[in-house]
Amino acid sequence: MIVNGVERPRPGSARRLLSDYLRHDLGLTGTHVGCEHGVCGCCTVLMDGRPVRSCLMLGVQAEGHQVTTIEGLAPSNEALHPVQQAFKECHGLQCGFCTPGFVLAIAGLLAENPSPSEQEIEEGIAGNLCRCTGYASIRRAVFRAVELSGGSRPE
Amino acid sequence: MTTRWFGERVLRSEDERLLRGRGRYTDDLGEGALEGCFVRSPYAHARVVFVDVEAARRAPGVRAVYTAADLPFGEMDLPLLIPHPALTQGRTQRCLASRIVRYAGEAVAFVVAEDRYLAEDAADLVEVEYEPLPVVANLEAAAGAERLVHPDVPGNVAAELTQDAGDVEAALEASPRRRRLRLRYERGAAQPMEGRAVWARWDAGERRLTVYDSTQSPTSIRGGLAVLFDLPETSVEVIAPDVGGAFGPKIMLFYPDELLVPHAAMQLGRPVKWTEDRREHFTAVNHERAQLHEVEVGYDDEGRIQGLDVDFVHDAGAYTPYGLILPIITAAQLPGPYRVPAYRVRFRDLYTNLTPTSPYRGAGRPQACFVIERVMDSIAAELGLERAEVRRRNFIQPDQFPYDTGLSWQDGSRAVYDSGDYPRLLEECLRLLGPRPAGDNVGMGLGVYVEGTGVGPYEGAHVQVLVSGKVVASTAVPSQGQGHATVFAQVVADALGVDVADVEVHGGDTRRLQWGVGTFASRSAVMAGNAMHVAAGLVAEKAKRIASEQLEVDSADLELAGGEVRVRGTPDRAIPLSTLAVLSNPLRYAFGGGAEMATQFTPKPRQGPPLERGEQPGLEATGYYSPPGSAWASGAHAAYVHVDPDTYRLEILRYVAVHDCGRVINPLILEGQVQGGVAQGIGGAFYERLAYDEEGQLRNASFMEFLMPYSTEVPELVIGHLETPSPLNPLGVKGAGEAGVIPVGAVVASAVEDALGIPVTEMPLSPLRLFDLDRLRAGRPR
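One line per chain: the protein sequences are A and B, in this order. Numbering of the first sequence is given in my numbering, commencing with residue 2 and proceeding in unit increments. Numbering of the second sequence is given in my numbering, commencing with residue -8 and proceeding in unit increments.
These are calculated hints, taken from the structure and not from any lab test. Ideal Cβ positions, reconstructed from N, Cα and C, are used throughout, including at glycine. It is possible that part of the hints are untrue.
As the list claims (entries may be wrong) - Now the stretches of chain B that chain A is said to cover, found in silico as 3 or more residues with beta-carbon under 8 Å:
1. 228 to 235
2. 310 to 321
3. 361 to 368
4. 602 to 613
5. 685 to 696
The following block holds chain A by itself, in its conformation from the complex (with noise of 0.2 Å):
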């Protein structure tokens, strides 16, 4: 599989969940596991392109595919993913644990959909817990990331 364009080894077991094959075979700590029932979406990751909850899969189901992981969201170690550098303007995140799985799947969200409605919004992070900002700053996120993205704000 091609994580964050690298091509990496199938994992050694094929019991390995994708989110355990990224954390700790590959290093990539970023993918975080909240409740590993699929449900909290903090190990949201990229899957060509859409979102996937890395808890969910073993990691030979990733073989053949594209993985990004929050590490290899951003342009360059100067700028940022639009997602992220909004999370940052808008106070998006406390304790950060949850941020990499809804800044994911945002980024997937705008992939597919630059301008999308408020309500495509709300429908885009309602899989995702936070329990640290009660969400309205990631809301206000969201629309600063269209902003930044060249999308159309929803009014």
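Put chain B on the given structure of chain A with help from the hints.
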């Protein structure tokens, strides 16, 4: 002309790292460590007949399996953290249970293997035979005492405490009107997104133990481990790295893993790590909230309270590791912002066969606020008065501070409110709330609260100006998302006249600051914030002392600004802090910025020894802040809600929070704390319920069934600030971390009652519960 950072919406310095996935949470560290896994009791109360670990020990990759019999401290009761004279029947658990288990989730064995998968495989091979015992599964069963949690604790009563301020019986007797209420608050859980984790390594050569722990109090953990393992405190290092939320229950001394992981690392000579999974977090990590209150209130025809008599029971869970802090806070804070001329409160802390309880954001206050605000609403209903008007008539007035409640506070001192303006809070809240939206089944809810924040004993900070001119500031309190690195940098930057970006803050690392307490009780901004202010002030004085000698100007004529010490009014006469940092350390060998000024052949030879008597090298200082008493924050929340008459779905149409935490260091971060607190409050008021059955089994121990709010359930708050500075500390600040959550139960109860006309006497509510209550009211129970 000096920039002031205090009060600015400074963006967080923490964020870029976290946004790039470069956070360092405990489970992100310790590559190659052995990994642990617990065997936990499936029974809420049982005798352990035998534990057979032989098969597990032979399993692939297993390095050790521990039962109580394998531990040198296996027969030791874990510490009772905060003893109280009234806690006559305090009980704590052992690291691993060997005879009796008293809640489902209590640890019985600990497996250590080459990786987590192998450890879990082996844990499945541990055979434990249990003989189930009768279960005390809720507060009613505990109070009934037909079954006992601890056979030697009569009536399941861990403690009983009565406090009074005034003659409540006479006051009730003399009251024109009296009313009784019975109010219930159920168990809740903090559920930070990161579970708990511990990673330990032992350096046998240096005899040094290093522990990474997702704890709120690394200093306390260090102290406890040093005692347990008989090591000097200086040989034990405890670090809380990035912590993925905590909200209270990540402070304990100890959870069993906090002993077992270091013990295994020392015994096996290899680093060991344990990372909790969500399922075990549900039962192995402390809960809070469950209380049952019997209230009698006496009041006059204008709705003024004359006397308040409260008798409540608190669900301790199976053990009392955290003493009586929760019921003490409830008892002391129950009168809230109101004058209660005569108040008596009695509580009993009762054992149940459920997970132990310790503070969760709010810590006894949501219950207290719920009770007094239900009392206010019931007085209003009885007298046909507006709910806000009853509150106005009972408020402590702004000219009554300091206001002595006559009650004992959680630190043993008297609860004395330092400052506030409750009438203004309420008026501002109602103004922001605006007119009631049109439509049926719409209700308005209201809740006003006070919060004793910033409890002692003390907190410290070390501030150092480096020879680069950058500043490093350290405190013992770790952050779990509250933005410490940003707000403390603001405080330090102001004191030293530097850019906030030039201040790097470290927290929760005993290697950087030996002494401190921890992050809890809305205390970090008050305690560590003021310690930062004190320490940075000492550094500023020192910088001026050195500069005054160099510039031959009196210290009093100097000021710190722009990264320099300048002569007031003559800004071109200045020395950069970087140079002063070099000068502060008289060296034979000089390096760093301005080094040529600091050698023994310095351009200004001084009389006497290079280091003046009593002076210490380095442009640095350690400062401490210890408060004379708590700083009392306050707030008023109000909401309009709509309850669907068919589905009983709750929709929050508008939610206003007006908050007074004294002077605000960073409004951006404060608003985030309030919004997040309210979101947790909404969860606890309408969605989250720990569903225990009669056998003490938690039936919804997953995020599939324990329903925490998503974005769809939480509205954007309208937030208002009021600032009545605390006179107790130099910065004038009060705590804000817990505030948001406190009144939400009271607000939702008030609003739902108003919308549906159903008396609400319990928390949490849910659509199903509202359906049942509505049917009961209509005389058609399900």
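Against the structure, the hints:
| no. | hint | result |
| --- | --- | --- |
| 1 | 228 to 235 | holds (count 3) |
| 2 | 310 to 321 | violated (count 0) |
| 3 | 361 to 368 | violated (count 0) |
| 4 | 602 to 613 | violated (count 0) |
| 5 | 685 to 696 | holds (count 3) |
Going through the hint list in order, the structure does not satisfy hints 2, 3 and 4.
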